[in-house]
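Novice: Residues per chain are reported as follows:
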Amino acid sequence: MNKDKKLKLEIKSAYEIPESNRKKDFLINLEIPKINFYEFFISQIKYIRKRIFFIQLVVMLICLITLLSIDSTSLNIKYISILPSAIPFFVLIIATEISRSISYNMTELEMTTKYSLGQIIIVRTAILGSVNFIFLIFLLISLKLKLEYSTLILSLYIFIPFLLTCFGSLYVMNYIRNKNVNFYCAGVSISVSLANILLYNATGNMYNYLSVKFWLILLVALIVGVIIQAKKFIRSTEEYNWNSL
Amino acid sequence: MSIDINAHYDCIYKYCYFKIKNLHIAEDLAQETFLKFIKQGSYVDRDKPLAYLYTIAKNTCIDYMRKPNYAELTEEILAENDFEKIELKRVIREAIDTLPSDEQELVFLRYVNELKIGDIAKITGVSRFSINRKLKKALEGLKLVLREEDFFE
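From first to last, the protein sequence lines stand for chains R and P.
Residue 33 in this note's numbering sits at position 33 of the first sequence; the count goes up by one each step and never skips.
Residue 1047 in this note's numbering sits at position 47 of the second sequence; the count goes up by one each step and never skips.
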């Protein structure tokens, strides 16, 4: 053994002390503060992929630029039918993030945390949903500035495709639990988007074509449907058993 | 990143013992260190938690030494059967005591608590380069003292 190594070993052994007999009691009685809900909420932002926020921003900017670039004098509702058709993709962005734990079998990992997978999903959806909601409000204001429609009609114009995609994506996530769930969600978004374009082309303005009452009933039905599907989805996350995936 | 208290308990205990030279008081101070660390509300997610923990331990020991009734303690003779081992420990500790206080601390953190150079740099606020240089100098100093004591015979 060389001199340096011998010296280092002797230095270590020179400060060896008897094992503590109070350590065990101290550690048992130690009250470690747990993370509170606010800190938990904020901490979840870090775990959402940054590109999700980036894509949300890009989709929003594309919508806004498209809207603002249309000449208001020649403005026709048909020209901006592209806008609600883009809304399902806002939902798709959230769906890809939420279904990530299913796609990559992260459930077991997340089940070990203090908060359940259901709570984690609610928080992440709330974060992404809040961002989307802000974007949609921006879109609504922009549309209001460009079009002479009432706020109610414009709200229907934006929120019906949004809620329809939410409902469809949640429905899919409730019944399909494998790595392909993102593709099915993409299918839902594209279907809603295409249906929106086709209906606009067929009817001129479908929100004027049928009575406002009909669209309001549909809006309420979709809200109820989304709540039911969301509850089902959250409840299903509690049904996972260890190693069952 | 947070601290695993169970894993660091012995190191902080030893560190306090290195400062205070009394096992019972060292353990009191080590436990006080952990309580302060947790009380700061920063147990979860704080930058450089290890440096923060050692800083609390150091300040807790300094506070204790500043007390008016504090009297410097002579080293405790730990129960050991082998007389040669006791003598060797005494010689090594006395040799370390001859080093400047900052070098003593570096030697302790590096070779007793076996901290990485990067962690020591965070704790002491000194660059890695400077720590390596000081450790080299400290080892040379120790070799010189111990050669007189026939340590390397």
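Hints were generated in silico from the structure; no laboratory data involved.
A couple of the hints might just be wrong.
Said to hold, decoys possible - So, partial list: chain P residues that the calculated Cβ filter (under 10 Å) puts toward chain R:
(1) N1006
(2) Y1017
(3) L1035
(4) M1065
(5) K1085
(6) R1110
(7) N1113
(8) E1114
(9) I1117
(10) K1137
(11) L1139
(12) L1142
Keep in mind it's a predicted model, so treat the numbers as computed, not measured.
Glycine included, every Cβ here is placed at the ideal spot set by N, Cα and C.
Novice: Does each hint hold? Answer for all of them.
Specialist: Hint check:
Checking N1006 of chain P against chain R by beta carbon gives a least distance of about 6 Å; that is within 10 Å, so the hint holds. Of the supplied interface hints, the one on Y1017 of chain P holds, with its beta-carbon coming within about 6 Å of a beta-carbon of chain R, less than 10 Å. For L1035 of chain P, the shortest C-beta to C-beta distance to chain R is roughly 8 Å, which falls under 10 Å, so the interface hint holds. Nearest Cβ of chain R to the Cβ of M1065 of chain P: about 18 Å, over the 10 Å cut. The hint is violated.
Proximity of K1085 of chain P to chain R holds as hinted, the smallest CB-CB distance being about 8 Å (cut-off 10 Å). Against a cut-off of 10 Å between C-beta atoms, the interface hint on R1110 of chain P holds, since the closest Cβ of chain R lies about 9 Å away. About 9 Å separates the beta-carbon of N1113 of chain P from the nearest beta-carbon of chain R, less than 10 Å, and the hint is met. Residue-level restraint check for E1114 of chain P holds (minimum Cβ-Cβ distance to chain R is 7 Å; threshold 10 Å).
The beta carbon of I1117 of chain P comes no nearer than 14 Å to any beta carbon in chain R, farther than 10 Å, and the hint placing it at the interface is violated. Hint status for K1137 of chain P: violated, given a least beta-carbon distance of 13 Å to chain R, over 10 Å. A hinted interface residue such as L1139 of chain P counts as satisfied when its beta carbon comes closer than 10 Å to some beta carbon of chain R; here the least separation is about 7 Å, so the hint holds. For L1142 of chain P, the interface hint holds, since its Cβ comes within 10 Å of a Cβ in chain R; the closest pair sits about 6 Å apart.
This entry does not satisfy hints 4, 9, 10, going by the numbered hints stated previously.
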